[in-house]
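Residue numbers (our numbering), protein chains in the order written: chain F, 1 to 112; chain H, 113 to 222.
Mixed in with the good hints, there may be bad ones.
To be verified - Capping the alpha-carbon separation at 20 Å, the derived lysine to any residue pairs in SDA-like fashion look like this:
| # | chain 1 | residue 1 | chain 2 | residue 2 |
| --- | --- | --- | --- | --- |
| 1 | F | K42 | H | G165 |
| 2 | F | K42 | H | T127 |
| 3 | H | K121 | H | P151 |
| 4 | H | K208 | F | L46 |
| 5 | F | K42 | H | V200 |
| 6 | F | K58 | F | G83 |
| 7 | H | K208 | F | A49 |
| 8 | F | K68 | F | L111 |
| 9 | F | K5 | F | L47 |
| 10 | F | K42 | H | N142 |
| 11 | F | K42 | H | P173 |
| 12 | F | K57 | F | P40 |
| 13 | H | K208 | F | D53 |
| 14 | H | K208 | F | K5 |
| 15 | F | K5 | H | T198 |
| 16 | F | K42 | H | S130 |
| 17 | F | K42 | H | N177 |
| 18 | H | K208 | F | R94 |
| 19 | F | K42 | H | T220 |
| 20 | F | K57 | F | R94 |
Read the hints as simulated data drawn from the structure, not as lab findings.
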Amino acid sequence: QQQVKQSPQSLIVQKGGIPIINCAYENTAFDYFPWYQQFPGKGPALLIAIRPDVSEKKEGRFTISFNKSAKQFSLHIMDSQPGDSATYFCAANRGSARQLTFGSGTQLTVLP
Amino acid sequence: NAGVTQTPKFQVLKTGQSMTLQCAQDMNHNSMYWYRQDPGMGLRLIYYSASEGTTDKGEVPNGYNVSRLNKREFSLRLESAAPSQTSVYFCASSQKGEFHFGPGTRLTVT
Numbered sequence: 001q002q003q004v005k006q007s008p009q010s011l012i013v014q015k016g017g018i019p020i021i022n023c024a025y026e027n028t029a030f031d032y033f034p035w036y037q038q039f040p041g042k043g044p045a046l047l048i049a050i051r052p053d054v055s056e057k058k059e060g061r062f063t064i065s066f067n068k069s070a071k072q073f074s075l076h077i078m079d080s081q082p083g084d085s086a087t088y089f090c091a092a093n094r095g096s097a098r099q100l101t102f103g104s105g106t107q108l109t110v111l112p
Numbered sequence: 113n114a115g116v117t118q119t120p121k122f123q124v125l126k127t128g129q130s131m132t133l134q135c136a137q138d139m140n141h142n143s144m145y146w147y148r149q150d151p152g153m154g155l156r157l158i159y160y161s162a163s164e165g166t167t168d169k170g171e172v173p174n175g176y177n178v179s180r181l182n183k184r185e186f187s188l189r190l191e192s193a194a195p196s197q198t199s200v201y202f203c204a205s206s207q208k209g210e211f212h213f214g215p216g217t218r219l220t221v222t
């Protein structure tokens, strides 16, 4: 049972484009929604995270949009660069639990 | 400050062989985890340890055992490896909900 559904599976954009990755969750008890970035041969690294009391969070070129009523959240990458080419994972957690539930991942390629 | 370290980086096993994956963290985190990563399936939790001396099953625990040796170290053991356990294994630690992952162990079972 996949509690966090992520789309698309892969995404190709030109440099300067704005890739958008979407995630949907089922468990309304989730209260922490991080995004992880993973380069080939490396472990995932925390990129940005949001809690459901805000609808948007921006850190540099990365923005999370959060829609609590739709149980959806998305990652936008402004002015994307070839160095952003990586696999991106959304995840969700409940405050009382210590486990992260991950989406299936999106492989992003930014063409020069 | 190395963060989360894992050994070995690569391993090839024959079906039925056993091995232990080692993980250590130097961030004084209470919680530690073992995940496996398979194409198209994201990361799935195998076992976790909320604190020293405790361990709990995750989503896919069958075929694995764990030991929380002390606060720093959390090992994953495959008693009788199967081809279905071919995967990339990540150890992680967390404090206050923020997870830090190790570099991974790529395991192939033939």
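To see whether the hints hold, each was checked on the structure:
1. A distance of roughly 29 Å separates the Cα atoms of K42 of chain F and G165 of chain H; the hinted pair therefore is violated under the 20 Å criterion.
2. Between K42 of chain F and T127 of chain H the CA atoms are separated by roughly 26 Å; this puts the pair beyond 20 Å, and the hint is violated.
3. At most 20 Å may separate the alpha-carbon atoms for a hinted pair to count; K121 of chain H and P151 of chain H meet this at roughly 18 Å.
4. Restraint check: the Cα-Cα separation between K208 of chain H and L46 of chain F comes to about 13 Å, which is no more than 20 Å; the hinted pair holds.
5. Distance restraint check for K42 of chain F and V200 of chain H: the Cα-Cα separation of roughly 10 Å lies within the 20 Å cut-off, and the hinted pair is therefore satisfied.
6. Taken as a hint, the K58 of chain F and G83 of chain F pair is honoured in the structure, with Cα atoms around 19 Å apart against an allowance of 20 Å.
7. Taking the CA atoms of K208 of chain H and A49 of chain F, the gap is near 13 Å; set against the 20 Å cutoff, the hint holds.
8. At roughly 33 Å between alpha-carbon atoms, K68 of chain F and L111 of chain F are farther apart than 20 Å, so this suggested pair is violated.
9. About 19 Å separates the Cα atoms of K5 of chain F and L47 of chain F, which keeps this hinted pair within 20 Å; it holds.
10. The straight-line distance between the Cα atoms of K42 of chain F and N142 of chain H is roughly 23 Å, outside the 20 Å bound, and the hint therefore fails.
11. Distance hint between K42 of chain F and P173 of chain H is unfulfilled; the C-alpha atoms sit about 23 Å from each other, more than 20 Å.
12. With a C-alpha separation of about 27 Å, the suggested pairing of K57 of chain F with P40 of chain F is violated against the 20 Å cut-off.
13. For the hint pairing K208 of chain H with D53 of chain F, the CA-to-CA distance comes to about 18 Å; that is within 20 Å, so the pair holds.
14. Under the criterion of a C-alpha separation no larger than 20 Å, the hint pairing K208 of chain H with K5 of chain F is inconsistent with the structure, at around 24 Å.
15. Distance restraint check for K5 of chain F and T198 of chain H: the Cα-Cα separation of roughly 24 Å exceeds the 20 Å cut-off, and the hinted pair is therefore not satisfied.
16. Taken as a hint, the K42 of chain F and S130 of chain H pair is broken in the structure, with Cα atoms around 25 Å apart against an allowance of 20 Å.
17. About 24 Å separates the Cα atoms of K42 of chain F and N177 of chain H, which puts this hinted pair outside 20 Å; it is violated.
18. Simply put, K208 of chain H and R94 of chain F have alpha-carbon atoms about 12 Å apart, close enough for the 20 Å limit, and the pair holds.
19. A C-alpha spacing of about 17 Å is found between K42 of chain F and T220 of chain H, which places the hinted pair at or below 20 Å, so the restraint holds.
20. Taking the CA atoms of K57 of chain F and R94 of chain F, the gap is about 19 Å. The hint holds against a cut of 20 Å.
In summary, the numbered hints that this structure violates are 1, 2, 8, 10, 11, 12, 14, 15, 16 and 17.
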